[in-house]
Amino acid sequence: METAERFRAAVEKRDLAALDELFTEDVRLYSPVKFVPFEGKAMVMGLFGVLLRTFEDLRYLGRLEGEVETTADGEAAPTVVLPFRALVAGRQVHGIDQLQFDGEGRIKEFTVMVRPQSAVHALGQAVLAGLVEDGLVEDGPAPGAA
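Per full-length UniProt numbering: the sequence shown ends with 146, consecutive numbering throughout.
Keep in mind that the hints were calculated from the coordinates and are not lab data.
Be a bit skeptical, because a hint or two may be false.
Unchecked claim - Pairs of lysine to any residue residues, derived as SDA-like cross-links and limited to a Cα-Cα distance of at most 20 angstroms, are as follows: (1) LYS34 / ASP102; (2) LYS34 / LEU52; (3) LYS41 / GLN98; (4) LYS13 / TYR60; (5) LYS41 / VAL132; (6) LYS41 / TYR30; (7) LYS34 / GLU104; (8) LYS34 / GLN117.
Stated by the list, open to error - Distance windows between CB atoms, simulated: (9) GLU25 / GLN98: 34 to 44 angstroms; (10) GLY40 / ALA17: 33 to 43 angstroms; (11) LEU16 / GLN98: 12 to 22 angstroms; (12) ALA129 / GLU65: 30 to 40 angstroms; (13) ALA76 / ALA17: 23 to 33 angstroms; (14) GLU133 / GLU75: 18 to 28 angstroms.
Just so you know, even glycine gets a beta-carbon here, dropped at the ideal spot from N, CA and C.
Model the full assembly from the supplied sequences, consistent with the hints where possible.
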């Protein structure tokens, strides 16, 4: 099973351990709730621990494949986009996960986009609370402020 399918299966099963081997050590995750990316495997795995608790009824709707210029080095990288629907704090979220892969097929860059704006706000509050609860960040301004 390729990385995108393994990722999808792990997220749908809420299997954090299965996600660990899919990311590079220097992975960057671009989030709609934070201006700068989450960087490094340890931080991204911590964030996924929060996200797997935050998203309810998450389901992927399909898959799009191609190549996209990476933000880290400007090279074109194999990319898979996974559209999804979920609930966050009772709000319907429509979104996509964009996974970009390194030469070994591991996820090097990850971008999440969600709509509507009210869902982004609810997601930001839930993620900040989870990151603080897990000791990954200090209590402070909302993630979008950084």
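Cross-check of the supplied hints:
| no. | hint | in the structure |
| --- | --- | --- |
| 1 | LYS34 / ASP102 | 24 angstroms, violated |
| 2 | LYS34 / LEU52 | 18 angstroms, holds |
| 3 | LYS41 / GLN98 | 17 angstroms, holds |
| 4 | LYS13 / TYR60 | 12 angstroms, holds |
| 5 | LYS41 / VAL132 | 18 angstroms, holds |
| 6 | LYS41 / TYR30 | 13 angstroms, holds |
| 7 | LYS34 / GLU104 | 28 angstroms, violated |
| 8 | LYS34 / GLN117 | 14 angstroms, holds |
| 9 | GLU25 / GLN98: 34 to 44 angstroms | 20 angstroms, violated |
| 10 | GLY40 / ALA17: 33 to 43 angstroms | 18 angstroms, violated |
| 11 | LEU16 / GLN98: 12 to 22 angstroms | 20 angstroms, holds |
| 12 | ALA129 / GLU65: 30 to 40 angstroms | 35 angstroms, holds |
| 13 | ALA76 / ALA17: 23 to 33 angstroms | 31 angstroms, holds |
| 14 | GLU133 / GLU75: 18 to 28 angstroms | 37 angstroms, violated |
In summary, the structure is inconsistent with hints 1, 7, 9, 10, 14 from the numbered list given earlier, while agreeing with the others.
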